[in-house]
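Chain residues, written in single-letter form:
There are 2 protein chains.
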Amino acid sequence: MSPKITVELLRQLRQVMKNSKYITEPIQAYIVPSGDAHQSEYIAPCDCRREFICGFNGSAGTAIVTEQHAALWTDGRYFLQASQQMDNNWTLMKMGLKETPSQEDWLISVLPENSKVGVDPWIIAADQWKNMSKALSSAGHSLVAVQDNLIDVIWEDRPARPSTKLITLGLKHTGLTWQDKVTALRGKMAERKISWFVVTALDEIAWLFNLRGSDIEYNPVFFAYAIIGMSNIKLFVDRKRLMEPVVREHLELDSPSKPELTIQCFPYESVYMELQAVCAALAPKEKMWICDKASCALTQVIPKAHRSAIPYTPLCLAKAVKNPTEIQGMKMAHIKDAVALCELFAWLEKEIPKGTVTEISVADKAEELRSQQKDFVGLSFPTISSVGPNGAIIHYMPLPETNRTLSLNEIYLIDSGAQYLDGTTDVTRTVHFGTPTDYEKECFTYVLKGHIAVSAAVFPNGTKGHLLDSFARAALWDSGLDYLHGTGHGVGCFLNVHEGPCGISYKTFADEPLEAGMIVSDEPGYYEDGSFGIRIENVVLVIPAKTKYNYRNRGSLTFEPLTLVPIQLKMINTDLLTQKERDWVNDYHKKCRETIGAELERQGRKEALDWLIRETQPIV
Amino acid sequence: MSPKITVELLRQLRQVMKNSKYITEPIQAYIVPSGDAHQSEYIAPCDCRREFICGFNGSAGTAIVTEQHAALWTDGRYFLQASQQMDNNWTLMKMGLKETPSQEDWLISVLPENSKVGVDPWIIAADQWKNMSKALSSAGHSLVAVQDNLIDVIWEDRPARPSTKLITLGLKHTGLTWQDKVTALRGKMAERKISWFVVTALDEIAWLFNLRGSDIEYNPVFFAYAIIGMSNIKLFVDRKRLMEPVVREHLELDSPSKPELTIQCFPYESVYMELQAVCAALAPKEKMWICDKASCALTQVIPKAHRSAIPYTPLCLAKAVKNPTEIQGMKMAHIKDAVALCELFAWLEKEIPKGTVTEISVADKAEELRSQQKDFVGLSFPTISSVGPNGAIIHYMPLPETNRTLSLNEIYLIDSGAQYLDGTTDVTRTVHFGTPTDYEKECFTYVLKGHIAVSAAVFPNGTKGHLLDSFARAALWDSGLDYLHGTGHGVGCFLNVHEGPCGISYKTFADEPLEAGMIVSDEPGYYEDGSFGIRIENVVLVIPAKTKYNYRNRGSLTFEPLTLVPIQLKMINTDLLTQKERDWVNDYHKKCRETIGAELERQGRKEALDWLIRETQPIV
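If you read the sequences in order, they're chains A and B. First residue of the first sequence: 1, per the UniProt record's numbering; consecutive thereafter. First residue of the second sequence: 1, per the UniProt record's numbering; consecutive thereafter.
Read the hints as simulated data drawn from the structure, not as lab findings. Warning: the hint list may mix true and false statements.
What the hints assert, rightly or not - Once the Cα atoms are required to be at most 25 angstroms apart in a straight line, the calculated SDA-like pairs of lysine to any residue come out as: (1) A:Lys98 / B:Ala139; (2) A:Lys98 / B:Ile310; (3) A:Lys98 / B:Lys258; (4) A:Lys548 / B:Pro544; (5) A:Lys507 / B:Glu515; (6) B:Lys193 / B:Lys258; (7) A:Lys580 / B:Lys258; (8) A:Lys304 / B:Glu515; (9) A:Lys548 / B:Lys287; (10) B:Lys287 / A:Glu113; (11) A:Lys507 / B:Pro544.
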């Protein structure tokens, strides 16, 4: 991985920062967040502005360029990768370390007095704008909205915004029609006396309308906005996508069943003007919902007196609690996914001794095997396929220049997942094809203990995920070890592999209580720079737990693993497990053998079945 | 408990609400918060205004009087007590119940249009003022600051503000002179480019100046303010307290060593005018720190451009991290405290069969025994001494009409602590003097497992206390049980028994990372309404932990119990403990026996020593 040379780009950017064609007064710093106008985590190539300016292409990071400095903030997953992808014009700001200043503090320390800091108001979320603006003004500076994106100005061959074909999903996959979902949403709005709701998150729009797209790789979403009123549905999307008869029929565009369920279609770009029009017509006491993570640009269209900014939307919550159809779909998707992975591991055992299997070829093989499964749509994120030291790069993606060959001597970590019409998967397994060292086994076992501690946890209804995070770390902490990422994230159903508003993390923001039907990942890890990486990840479903007592009738919850792929026994130091933990491993492997075994048998995949049976022997 | 008759008082209050002698325009409602001008948790009799107007004397509650209505908001701990202490002029607003309106919502529902709501700006914290004011103005009303406290106007025999003798603490007790503390504080101010700091919390002032008072029961503080500049120290305190030669010498009032360490003394009441004078002389970019929990009155003196409101102050943090002298003092205080408690339990075993020991008599006996220890000053909070069902009332305090007799049949819970010149204690033990039921033992053992899980936890430097809270609950959760309070609070050193900014709670606000030298309580519990209460509380010191590995050189922390009082073995179902937990109990009891045994021997307290030896036998 050679760093991107940014000397010329930075020179150009610093020039436009002073160019009156784009800004009324020169700015002394320009903030380039990752993210698009929908605050998406994964973004389309046309929105990869932060990567364009600094070279770092991880999923999270903010670049700031001043007249003298250029700095990038990213988190522990990306320290190594960022340092490799950026040239020495850039300072890497390692978030989460004590000595690392916040963006605000850093700006205040380097800026001359009374500076102006620019940012594209479509790319920065309203809540971030507020915090940044407050911090800067308290130090005598100001945050200014720059309407023209200055990266776009200097980006000569910037790709066009995608507009892919839409997929319609029927009741079989969604369990609820979009009309039902709109009606339920309006019920929530009526409860809170809200007359309008501006929907900006792409997965919320896709979920609400039971539509999918492929505008953003790995995320089956499409560029759109929606404004929902008590008797209006305004959808903003590239109009040519609505020409397909199946889409027109799905949305009842030509023959709406009821007036209040009639969708008015507008071009994607007209959301700003239409929102202005809606706001202009509001009665004095009318309130409009918008997520506080929506863009500053759209948020500020709504007059303060009418604006009700919410940390997460009712759609986000409704989407997170899967209905029985979605749960069944997720289970099916995970069974198919496990079939593909069992095949992959059986194949690897045969092939590795030949010395020709590489990180990239395994990733390709995994995709090939998954694509043979019914209703496969694509991958749910770039496969992390990493050998030895590459495994320590938490969000590693093999490139030709980093590609390592799998061997009998190094740990191999694969974190991968797929989109199926019925669900989304995300699974990590860490394996050794030779003989792991005692130290590798020790670390693996601590990670496994953490994984089990979360998976088997019983906790009261209403508990937030952050209260479970330490369970995943306790065994590592006891030995002075840790990992610098959260333990789990929400998982969509044939939607984004990362979704809110719940998760399991030491970070406590945007963390809504867990409830039955939510689906999250459980993925503790341990990473030793330059040596190896270990992560054990299952997707788990929140289910009611049976307990001996029931304090104040609150009820309890626990998790059911949806991922059913064996955990390599060779990596476990069973002496470090308690009897309860051994029982958990055996029960889990029994379930893998029964459920996935039956499907392997049905699909006639004999070698994988033999491998599964061998890998799920009980431990004692 | 008969209710206070408030007809006449309410009539008087409603009159002064319209009296132009006190207010420029009539107000339609008057808010009476609990709390004093320093936002203290415990308050002096002269500040018990909410109790005066409505009769309810619990520690938390807000009264609001309008022209037609009078209502009191309090939480679940006090529903019964408040309903008994108030007459039927008052409506009890049960906080936490779904149907109970917030103060803001209630005011909006009962007030005529364009009403003015008054409050004493000294009693309401700046952040509360902000929220209330925002809610009222959004409904067309306004919150107004009434300079004369209207309760004081009608309170004829209001006690005088206490002005007790000041105690000076030397290096032997504090480890740092007040001059060192001021210099360190100025270092923090310089780091953040702050030129002034307004200190309003009484414990921060007491800690900074190495002075103590007894103005508020249980809290060794005194009424004062301080304004610290880079070359000024302004202390606002009743001047007659500074007449004592020992105080004058301690503060170097007559012969300051350096100009920047010269204390200027002002009357307590002149803080407002003096702060105005300081603000008037500020240079354009000068910033002044004030806690966002300080009074609205003082906060608003500081022009916004100069004000830097912080959620907790550098003194709060400095005070929380105890220095070696303070740690040594806290250890000594806990040894003496344990001696008193061993004596108490030995005495109880003899006395209880006589049937004459009551909740109140135990509390009195505990105080008597503690008062025999060196440098005893007083109790650190009202003793919670509770038998059987009274134990389920978490903040129970025995009164003659609720006083139960201790017996061989019911669980007894005592939560008590003292102030010594060298430290503050807070300990809870739950015991049975007959034979506990299997269920009582089961619950006790879950609580003990939680207590041990926190006490023995190893965690990385920089971890916040809320990440440890679930360790205390896991064993209870597994069985469907829980407790509805936090697990621990910061403890002062010969200061307030509750202090910030760290703690162990599922609530995550105002939670600063734990660091070596901090002292917190570890007190999980379980409460069964109408039956019993269980709590096991030690005060623990955060210390560095030795671990096998040291990830990223962060270092690890763990806890060392300062409280050394046996945990009743009879209450433990040892089958439910792991070997590690049994070892912890045995190690803990060994330490109790060695440390407290030596002191009991030194003090010649033979019976208590025999009791200690018997109660600290190892379990197998």
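For the pair we were handed, Lys507 (chain A) and Pro544 (chain B), check the Cα-Cα distance against 25 angstroms.
24 angstroms, holds
So if I understand the rule, the pair passes when the alpha-carbon distance is 25 angstroms or less; does Lys548 (chain A) with Pro544 (chain B) pass?
Violated, at roughly 38 angstroms.
Given pair status - Lys258 (chain B), Lys580 (chain A), alpha carbons within 25 angstroms:
66 angstroms, violated
Given the proposed pairing of Lys98 (chain A) with Lys258 (chain B), does the C-alpha separation stay at or below 25 angstroms?
35 angstroms, violated
Given pair status - Glu113 (chain A), Lys287 (chain B), alpha carbons within 25 angstroms
Answer holds: Lys287 (chain B) to Glu113 (chain A) is near 15 angstroms, not above 25 angstroms.
Are Lys304 (chain A) and Glu515 (chain B) close enough, with their CA atoms no more than 25 angstroms apart?
42 angstroms, violated
Please verify whether Lys98 (chain A) and Ala139 (chain B) have alpha carbons no more than 25 angstroms apart.
With a Cα-Cα distance of about 44 angstroms, the restraint between Lys98 (chain A) and Ala139 (chain B) is violated, given a limit of 25 angstroms.
Given the hint that Lys98 (chain A) pairs with Ile310 (chain B), does the C-alpha gap stay at or below 25 angstroms?
19 angstroms, holds
Lys193 (chain B) and Lys258 (chain B): Cα distance at most 25 angstroms?
Holds. Lys193 (chain B) to Lys258 (chain B) sits at ~23 angstroms (cutoff 25 angstroms).
Keeping to a limit of 25 angstroms between CA atoms, is the pair of Lys548 (chain A) and Lys287 (chain B) held or broken?
Violated, at about 57 angstroms.
Mind checking the alpha carbons of Lys507 (chain A) and Glu515 (chain B) for me, to see if they're no more than 25 angstroms apart?
Holds. Lys507 (chain A) to Glu515 (chain B) sits at ~19 angstroms (cutoff 25 angstroms).
Of the numbered hints stated above, those contradicted by the structure are hints 1, 3, 4, 7, 8 and 9, listed in ascending order.
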